[in-house]
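Under our numbering, the residue at position 273 of the sequence shown is numbered 273, and the numbers go up by one with no gaps.
A hint or two may mislead.
Claimed, not checked - For each label pair, taking beta carbons as the anchor points, the in silico distance ranges come out as:
no., residue 1, residue 2, range
1, V29, A126, 31 to 37 angstroms
2, L184, L205, 15 to 21 angstroms
3, A125, P163, 52 to 58 angstroms
4, A253, P163, 51 to 57 angstroms
Worth flagging that the hints you see were computed from the coordinates, not collected in a lab. Note that the coordinates shown come from a computational prediction; the quantities given were computed from them, not determined experimentally. Glycine included, C-beta positions come from ideal geometry on N, C-alpha and C.
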Amino acid sequence: METLRLLFNAITVIFIATTMFAAGLGTTVEALRSVFTNIPLLALALLVNLVVVPLLGWGTGALFGLPNAAFIALVLAACSPGGPIGAKLAMVQSGDVIAGSATQVLLATIGSLTFAPTANGILNAADIGQGVALNVAALVGTVALLQLLPFAVGLLLRRYATPTARGWHPTAAAVSNVTFLIVLAGMLLGNWRDILALLGSLTLLAGFVLAAAAFAAGTLLATGPAVRRTTMGGVAAVRNAGPALAAIGIAFADQPAILGALAAVLLSGLAAALPIAAVLNSRRNRPTATRQTH
1 METLRLLFNA ITVIFIATTM FAAGLGTTVE ALRSVFTNIP LLALALLVNL VVVPLLGWGT
61 GALFGLPNAA FIALVLAACS PGGPIGAKLA MVQSGDVIAG SATQVLLATI GSLTFAPTAN
121 GILNAADIGQ GVALNVAALV GTVALLQLLP FAVGLLLRRY ATPTARGWHP TAAAVSNVTF
181 LIVLAGMLLG NWRDILALLG SLTLLAGFVL AAAAFAAGTL LATGPAVRRT TMGGVAAVRN
241 AGPALAAIGI AFADQPAILG ALAAVLLSGL AAALPIAAVL NSRRNRPTAT RQTH
C-alpha cells in the first residue's frame, strides 16, 4: 500500500507539472501581460475565490445540516483556491487556457496566505472552533515548484525557442491528459470505502452543489467573452487539496472522518465541473454547418 501511495503521489506531481508546463508552452508573454493588466478580471477572480466561494461553502454546509467532520471538510475545501485542475478544466472546455492558468497560479499563491485565517474565521463563526495553523512558507514553496516554475519554463521556451515549444506542446498535453485520468482513477480507487460510507449522507450532494454554485459564480462575476468567463467558472469550481490536507493533518490529527469527507467533497466537485466543461467543449467544437442548422 505504501508503494502504491508513493506511486500515486509521483503521478500527481507529474500531472500538475506537465499541465502547467503545457499551459506555459501555449502562452505568449503578450497574452499573459494582457491577463495580468486586466484589473477588473483579476479583482473579480479574487473576490469570487477568496470571499464568495468560502461563504458558499459555509452556507452549503449549514443548508444541508452536515455533521461536524463533513462541514469542516467542505469549509476547508471552499477556503482553498487555485487547484491545478482549474488549468486542466480550461483545456477540457476549449476555454481561455492562458487566463485560466495565470489566474489559477495567482490564486494558489495568494490562497496559501489567506487559507488559514479564512477557514478559522468561518469555523469559529459556525461555532466549530478549531485553530488552523499552517506552514505558509512550505505551501508557497510547493506552489512555486509544482505550478509556477513549470509554467514559467514553458513560457520562456515559447518566447525564446518557439519551434521547440510548438513541437513539445502536443507531447506535454498528452502526458497531462493521461496522468489526469490516472489521478482521477486513483482518487476513486483509493477513497472508495470513504465514498461508499457517505452515500447515505448529504456530503456528496453538498460537494456537488458547492462546485456547481462556484462555477456559476465564477462565470457570472467575470469580464470578457463567454469563453473567458466560463474558464473563470472552472477555476472557481475546483479547489486546492494541498492546504486542506495540511490543515487536517496539523489541526485535526488526520481524523479519518474529515479525510474521507474531504475526498468525497473534492470528487463530487469534479463530478459537477467536468461534465459542464465537456458540454462547453462539445458546443465550441461543433462543426460550423451543424451550428447553422440549429
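Hint-by-hint comparison with the structure:
no., hint, verdict
1, V29 / A126: 31 to 37 angstroms, "violated, 44 angstroms"
2, L184 / L205: 15 to 21 angstroms, "holds, 20 angstroms"
3, A125 / P163: 52 to 58 angstroms, "holds, 55 angstroms"
4, A253 / P163: 51 to 57 angstroms, "holds, 53 angstroms"
In terms of the numbered hints stated before, the structure departs from hint 1 and from no other.
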